[in-house]
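Here is how the chains run, residue by residue.
Number of protein chains: 2
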Amino acid sequence: MGDYRELWKSLDMDLDKHDQLCAVLPEMFGSVYLSQENRPEGMNYFNFVFSEVHGLRIKELNDHKSNGGKVLGTFCVFVPDEVILAANAISVGLCAGSQFWVEDGEKHLPRNMCPLIKAAVGAKVSGTCPYFQSCDMIIGETTCDGKKKAWEILEDFVPVHVMDLPQMKRNKDYAMWMDEIKLFIDKVEELTGNKVTVEALKAAIKVCNNKRRALKRLYDLRKFTPSPISGLDSLLISQIAFNDDPVRFTEQLNALCDELDERVKAAQGEGKKRIMITGTPMAIPNWKLHTIIEGLPAEVVVEETCTGTRYFENEVSEEGETIEDLITNLADRYLGINCACFTPNTGRIDDILRYVEEYKVDGVVYSNLSFCHSYAVEYKKVEEALKKAGIPVINIETDYSSEDAGQIKTRVEAFLEMI
Amino acid sequence: MGDYRELWKSLDMDLDKHDQLCAVLPEMFGSVYLSQENRPEGMNYFNFVFSEVHGLRIKELNDHKSNGGKVLGTFCVFVPDEVILAANAISVGLCAGSQFWVEDGEKHLPRNMCPLIKAAVGAKVSGTCPYFQSCDMIIGETTCDGKKKAWEILEDFVPVHVMDLPQMKRNKDYAMWMDEIKLFIDKVEELTGNKVTVEALKAAIKVCNNKRRALKRLYDLRKFTPSPISGLDSLLISQIAFNDDPVRFTEQLNALCDELDERVKAAQGEGKKRIMITGTPMAIPNWKLHTIIEGLPAEVVVEETCTGTRYFENEVSEEGETIEDLITNLADRYLGINCACFTPNTGRIDDILRYVEEYKVDGVVYSNLSFCHSYAVEYKKVEEALKKAGIPVINIETDYSSEDAGQIKTRVEAFLEMI
Chain A
1 MGDYRELWKS LDMDLDKHDQ LCAVLPEMFG SVYLSQENRP EGMNYFNFVF SEVHGLRIKE
61 LNDHKSNGGK VLGTFCVFVP DEVILAANAI SVGLCAGSQF WVEDGEKHLP RNMCPLIKAA
121 VGAKVSGTCP YFQSCDMIIG ETTCDGKKKA WEILEDFVPV HVMDLPQMKR NKDYAMWMDE
181 IKLFIDKVEE LTGNKVTVEA LKAAIKVCNN KRRALKRLYD LRKFTPSPIS GLDSLLISQI
241 AFNDDPVRFT EQLNALCDEL DERVKAAQGE GKKRIMITGT PMAIPNWKLH TIIEGLPAEV
301 VVEETCTGTR YFENEVSEEG ETIEDLITNL ADRYLGINCA CFTPNTGRID DILRYVEEYK
361 VDGVVYSNLS FCHSYAVEYK KVEEALKKAG IPVINIETDY SSEDAGQIKT RVEAFLEMI
Chain B
1 MGDYRELWKS LDMDLDKHDQ LCAVLPEMFG SVYLSQENRP EGMNYFNFVF SEVHGLRIKE
61 LNDHKSNGGK VLGTFCVFVP DEVILAANAI SVGLCAGSQF WVEDGEKHLP RNMCPLIKAA
121 VGAKVSGTCP YFQSCDMIIG ETTCDGKKKA WEILEDFVPV HVMDLPQMKR NKDYAMWMDE
181 IKLFIDKVEE LTGNKVTVEA LKAAIKVCNN KRRALKRLYD LRKFTPSPIS GLDSLLISQI
241 AFNDDPVRFT EQLNALCDEL DERVKAAQGE GKKRIMITGT PMAIPNWKLH TIIEGLPAEV
301 VVEETCTGTR YFENEVSEEG ETIEDLITNL ADRYLGINCA CFTPNTGRID DILRYVEEYK
361 VDGVVYSNLS FCHSYAVEYK KVEEALKKAG IPVINIETDY SSEDAGQIKT RVEAFLEMI
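Same order as they appear, the protein sequences are chains A and B.
Mapping the first sequence onto UniProt numbering, position 390 (from 1) lands on 390, and the numbers just tick up by one.
Mapping the second sequence onto UniProt numbering, position 176 (from 1) lands on 176, and the numbers just tick up by one.
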C-alpha cells in the first residue's frame, strides 16, 4: 500500500490507532485468503482492492470530493444506491466486520448488542475508518431496533438521514416506501446540488443492474459441482461490491466469471459437502464462519444474506419515462428483498428452499450475529421448513471475537459428519 | 378465590401446570403487598381484584363471550382500547410479568430476548394464562423487533392482527397511523359483527379518558411529600388498569384518591428519598424493582413507563362529528406517547426532566428489561440530560428471575447513599 498518511490526516483520523488496524489486516488476509490453493487468476484484482482498501479507493473518494462530489455512507441493502449514483455521488457501505472497533462502540452502546452495529459506531467514534471519515452524510434505516437507535448516537458525529422502512409488505407499504425514496431523492439533491433526472436515474439503474447480473453470474457458477470458486473468495467479492466503483467492479467480476466458465468445463470430481449459509450479513473483514467451514471438507456454495443473494437478486425494471415510474420500479425491487425485519417474512423461506435445490445444498448453516432478535426468532420457522424438506440445519450465533472459533469448528465438524 | 376449575377447563387450560402458578402467587402477593404498613383502605378493592385475577374477571370475560361478545388481547399502550370498547368488545393486556412463563417461552424464542416477550409467548403456549385463553384475537404491533417477530410464533396458536406503528413522528407518520387505526377498526368490526359508530367511539373515548383522569389524579397525589401511597400500590393499580372493567376501575380509583386527599391533608414529615423509575414496562406480577427500592429508605413517586405515565398522559380529544375526526383525535393522542421505539425520541427526555420537577425527584432509576435494545441504547441520552440537570441516575438491566435481586439491592443502596 502506498503512503496515504497525509490523506488520512486530512480526514481527521486517529493515525496511531489506525496504524494498529493496518498492522493486523494484511496478516489476517494472508492467512485466510492467500493460503488458499488453486485460486482463480481473476481474484488478483480483488486481492489488490483489499490490499488498498484504506488507500487507493479512499484517494478516489477524496478526488471525487475535491471535484465537488459527495460521498454517502449506507448500512443496508434497502437503501437504493441508484439514487446516490444518479446525483453523481458515491455510495460506500459502512457495515463494519472487525472486532477491532467493538470496544469503542461499547463506549456508546450496550454490550449485549449486535457486533455489526457496535463496530460501525466504534469505527466512527474512534476515527479509524477512512470510509466513514470520507462521508458527507450517512443514510440510516429502520430495519432493526439496534440500528434505528444507533443513528441517534451517530448524529452527534456525522449528518444522518433515516429512511423509514415499512415493517410489512402490503400495498400501502409499497406506497409508503415510494414516498421514502422520494424524500431520499430530495435529501440527496439538496446535499449534492445535483438534480436526479430521469436520464441519470435510468443510467444508474443500468449500472446497478449490471453489477447485480455479474454477481448473479458468479453465484450461478457456484451451482456447479464442484464450485469453481471458494465460498471465501465469493464472500470477499460480495464485500468489495459495497465499496468499489460499480462499473469497474462489474468488469472485473465478469472477467473472473469468464475464467470460472473455463474452470467449470475442465472440472472433475465430486467436490465437498455443499453448504448454504443463511442469516445476518458478514461485513468486511468478517470471514470467520467461511474460514471454519472451508477449513473442513466442505464448501460454502451460497449465502442467503445481505452480503449474498439479498444484495443482487431481482433487478430494477429499466422501463418507464418519468421519475414516478422509476421510483415505482425501485420500490418494487427493494421491497422484494426478504429480510427478517418484515412480518411476516415467508418469502425468505421460499428463497432458502429454492436455493437448496438450485445450489444442490447438503446442509444449511444458520448464521446469526449475537443479539439480532429478528433473525434469531425467525430461525424456528426456517428450521421447521428445512426439516420438512429433509435438509440438515445448524444454528450458530456468534460475534466478531475469535474466542468461540474452536467451539464452532467442533460443532460444524459434527454437523458435517452427520450429513 | 372461588372454584373456577370448570371455567378454566372450558378455556382449554393446562390445569395441573396452572395450579403450580396459583400456588405461588398469593404467597408472593402477601409478602410484597400485604406486609406493607398503613396502606389506604381503598387498596382493598385492588387486593380483591388481584386475589380474583384468574377467577372473577375471567368469569366476566366468559359471560361476555357467552352473550356473543368478543375479547381482544393487547401488548402495548399504542393499541387504542377505544376501538375495542366501541365495538362492545373487551380489551385485556397480555404482557406477562412472571418468570413462571419464561421457560416455556424459551422453547419457541431465543433465550437472549426480553423476558416480557418470552413470558407472553410462554403464557400462551403453556395454556396457563386464562386471559390469553379467553382471547378471540390478539392485536400485535411493530414496536420492537422481538414482539414483531413473536407474533409469527403466536399466530400458530391464536388469530393475530398486527398494527404497523410508524418508527418516526413526521406529518406523514400521523397519516399512516390513522390508516392503521382504520384497518384496526375494520378488523374489529369484522370480528365482533358490530359497527364502530361515531356515538359508540365517542362514548368509548370518554370512558378511556375518565380512566386516564383517575390515573392522573393518583399520580398527582404522589407529587406530595411524603407521597400518600407507596410506589408498589400505585404500580399494582396501573397493572390492574390493563385488565379490569374500565368504568368500575375508574370509580374505585377515584374513591381511593378521595381517601388519599385526606391523607395528604393530614400528612406530616419529610418522607423518604423520592425516586423516579423510567424505562420498560412492568407487567403483573413484576414488582421486583419497586420491592427492592421501597425496602430501603426510599419511595417510588413516578414511573415514566408504559405501566406508568405513558399509559394515561394526554387525553383523546372528545370533539368531532365524524369517524374521521375521531380517528384523527386517536392518532394525535397515541402518537404523542414518547416510546423509545421512535427515532428520534427527544420528547421522552422532556417528559423525564419535567417529572423530575413535578414529582420533586431525588434520583432516577433507569429500568431496562434485559435485551431491550431500544431502551438500552436510549439510556445514554437520558443519562446525559439528567447529568446536565444535576439529577443522579442509575442504570439497572434485569429480567424476571430473582437471582440478581441481592446485587441490585446493593447497587440501589449505594445509589441512595450517594443522593
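A hint or two may mislead.
What the hints assert, rightly or not - FRET-style restraints, in silico, Cβ to Cβ: (1) V198/A / P344/B: 30 to 36 Å; (2) A414/B / D404/A: 30 to 36 Å; (3) G336/B / L15/A: 44 to 50 Å; (4) K223/A / E324/B: 36 to 42 Å; (5) S51/A / D179/B: 33 to 39 Å; (6) K172/B / K388/A: 50 to 56 Å; (7) R170/A / N67/B: 30 to 36 Å; (8) D404/A / N254/B: 38 to 44 Å; (9) S35/B / D14/A: 35 to 41 Å; (10) V158/B / D404/A: 34 to 40 Å; (11) Q407/A / D404/B: 25 to 31 Å; (12) Q20/B / R354/A: 44 to 50 Å; (13) N67/B / S317/A: 52 to 58 Å; (14) P344/B / K59/A: 32 to 38 Å.
Keep in mind that the hints were calculated from the coordinates and are not lab data.
Here a beta-carbon is modelled for each residue, glycine too, at the ideal position from N, C-alpha and C.
Worksheet item: Going through the earlier hints one by one, which of them does the structure break, listed in rising order?
Response: 4, 5, 6, 8 and 9
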